[in-house]
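Chemist: What follows is the residue order along each chain.
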Amino acid sequence: MKREARHYLTIGMAAATAAGVLLTGCGGSGSGGSKTGKLPELSEDRYVLDASKPAWQLDKKSETTELTWYVNADWWNTDWGTDTVTRQVKKDLNIDITFITGDDTKLNTFFAGGDKPDIITIFDANSSVAQSAANWAWSLNELADAYDPYFYEVASKDTMNWFSLEDDKTYGYPDYSNGQEVYDSNLLKATTAFAVRKDVYAAIGEPEMGTPDQFLDALRKIKEQFPDLIPFGSNSMTDSTGSLGADLQNFLGVPIENEDGTWYDRNMDEDYLTWIRTLNAAYKEGLISDDNFSDDGTAHEDKVKTGKYACLFIGGTPQRSGPLQVWRSSNPEAEYIAIDGPQSTVGHGPTLSQAGLSGWMINYISKDCKDPIKAIEIFTYLISDYGGLICKYGVEGETYTINGDGKYELLPEVKEMQQNDNEQFKKVYRLSEFIVFGHDKYDSYGADVSESIVQMQKWGEGKLKTQFIIENINPDQGTAEARSKSAIDTNWNTTLTSLIRCGSDAEFDQLLADHVSFREQNNWDSIVASYNEKMERNRQKLEQ
Amino acid sequence: MKKGNSGKAQKAPVGARAKRWLVDFRNQMPLQMMVLPGVAFMIVFNYIPIYGLKIAFQNYTVVDTLDTARWVGMENFRIILTDKYFWDSVYNTLGISLLKLLVGFVAPILLAVMIYELKDGIFKRVVQTISYMPHFLSWIVLGGMLISWLSTNGMFNSVLKSAGLITEGKNILLDADKYWWIAVLSDVWKSAGWGTILYLASMAGIDPTYYEAARIDGAGRIRQIWSITLPLIKTIIGLNFILTVSGLLGSNLDQTLVLMNTQNQPRAEVINSYVYRMGISQGDFSYATAAGLGVSIVSVVLLVIANKLTSRMNERSVL
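Chains as they are written, first to last, in the working numbering: chain A, 176 to 719; chain B, 358 to 676.
The reader is advised that the hints may include incorrect statements.
Claimed, not checked - Cut-off 25 Å, straight-line C-alpha distance, at most; resulting in silico cross-link-like pairs (SDA-like, lysine to any residue):
(1) LYS527/B / ASP560/A
(2) LYS266/A / GLU328/A
(3) LYS483/A / MET502/B
(4) LYS441/B / ASP684/A
Stated by the list, open to error - Derived DEER-like restraints, expressed as beta-carbon distance ranges:
(5) GLY522/A / LEU494/B: 29 to 35 Å
(6) LYS535/B / GLY522/A: 42 to 48 Å
(7) GLU591/A / VAL460/B: 52 to 58 Å
Hints listed in this document are in silico derivations from the structure and should not be mistaken for laboratory results. We put the CB at the ideal spot given by N, CA and C, even for glycine.
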């Protein structure tokens, strides 16, 4: 009896502490990161500094350098040296990388434990990890000055400047960071599109769909002639605004700042709301299905694959190129094509958005790094076009050839495996997958893009506009404003769907008013103040 | 617990008690050694981490250690208690869990009794296998199926339409008022079959002579179930009840994340999904730990209440 009692008591206690265990992990004690160590001297035996050459070509270190590299994502492929890309990197740099993957909890154990991996890759420039980089990472400026001045030749000045912290030093370098010069060069492709099925569009007489009335008319015709199709659809929006939030605002050219340079309330923009009202009108006539709001990503993609949507407003065409391609290959005459679609009612042109300066994955060299010299060599190598092209296309002759137009073309067997056995492709070649320093500019070297989105990208040419000024302006993690912002976003997600589904104009206005008062009750003023403060900081960086 | 022999020991003088404990301990040495690894495991993984709960009173970030994080006192709790979405999630968790307790606790018992009453044979085995099946599918798969079945032109609407009950299909998953029932019934569907195993196992241990005697006395099927089967699995029912109640607040996270959408969120968000959204996806460890700690405390209270209830029912306590 007594033993039994203890047993169940312990089970109870275990259950009670489970939440605590889950969120804290092992709370070891440690030095907490901040080290005041100095960079090791560069010995002449290893190499003599030469600003005209990357250090990895000069380095004479004969033994293989072993480094650990933490990537803050569970999906990261931890193989090293077994595929074309990393085998080449390993050969060029004479390094062995052990990848470690995990989430914030695991990252925290490294910081709490005091012994950090040599290189650390995270995803959020706003996070406390990135903000406190000066405490635990070597500044790239110092490393480059001391060991590899050629780094400045390959690193983008805009990006370095954008990522500088308060001490004017830069600690992390991101992938896919697009500065003004990238936007100007037309190397970037648009990823937003208002697509229609070609056969359907032809059957209804290829009408304009620019004004709300034209839009509704076209959808009505579709419903009449193609009763089995869903006249209008958008991205899955079960836990976000899908493509009907910022993507639609960009598509309509809603401004990103007031004329005086302060934060502009895009969700309350009249032009945008006019179109939301139009979608509401379409919903009321049965031109938008309720399933649009309950389908998750998989259900949405299944509908794309089977051509269920007559019109589809797509945010992120590359991510949907797979399902679009499936539909296109079986029904080439009915492929989705981008048209001008809805347009601003106040005369704005589209201002499509693409990844800006902040990029995606951000890479740091930790102060615990065993060989910071080698680490900065890796950075220089991977940021350079030479390394970037290896990561994207592999090795000439082994995975690609350069065709008559000077374009990189994958060998037939490589392409074949990419299309038919993607898992094996990732194992054997790993092209476009080792992307810690990836960049969109390498796309333009290639001969092939997924055919399903070529026309959509062409449509978007010249419509991209930078949004640097409003990048990373969300309140800092863990602050009261950040929590309020999260509550407001959740409320807006629900509100937007309700606006489209509501029954009357009076209800529409009420829902909108409710959202505005929800914002007021949740720190809205201080959130906007924080936006403005951060926009000001961005402006200063951009003007430098 | 009160009726155990611990009362006697407490009356003895301290020295004698310690001595007796030592003697007992030495006599049971092999057994104690067998228990040791389990106890050590428990201490390392379940007790030491309790110390980490202090981050609920700190503003803890990824780069902090338990010693460097800034103390904020009860700030996290204050914010939670004033957060509308937290209270929504508490309300939904309680609502869904109570429904699950009402329906989901009884369903496996009924199913187990029905399966037990079947003659051994192919039919019985087929029924059992089919009822276990959904248990082995993940919520990701089941959720995807439900999204499609409950959609405007999905299976449910088609059935209702062909039965002439409705004229036009409606997306059932968008209807917030129906969400609790969707969550409860789909959960029962998934877990009821699997839940019968424990009951069937304890029914298998019932002496068949009881039933023979009852039949001779003229008891029918229902009488036998009511007077023999159910009373004899009472302890297992009580134990299951306690385990279920203590897990009441831990409503199914996977299920919620798959089935929740912006329209049913006001009725679908449960504490776990809320803590997940705040803690894991936004890196707000302290906030999520504070919420988790609050939930744990309420769970312990529920556990104690459930134990009191079952001890009254079984005339002795399971704990």
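Chemist: Taking the hints in turn, state whether each one holds.
Modeler: Quick rundown of the hints versus the structure:
Simply put, LYS527/B and ASP560/A have alpha-carbon atoms about 54 Å apart, too far for the 25 Å limit, and the pair is violated. At most 25 Å may separate the alpha-carbon atoms for a hinted pair to count; LYS266/A and GLU328/A meet this at roughly 23 Å. For a cut-off of 25 Å, the pair hint linking LYS483/A to MET502/B stands: about 18 Å separates their Cα positions. Between LYS441/B and ASP684/A the alpha-carbon distance is near 22 Å, which keeps this suggested pair within the 25 Å criterion.
Checked against the hint of 29 to 35 Å, the C-beta distance between GLY522/A and LEU494/B comes to roughly 53 Å, which is inconsistent with it. The hinted window of 42 to 48 Å between LYS535/B and GLY522/A holds, with their beta carbons roughly 44 Å apart. The beta-carbon spacing between GLU591/A and VAL460/B, approximately 53 Å, falls within the hinted interval of 52 to 58 Å.
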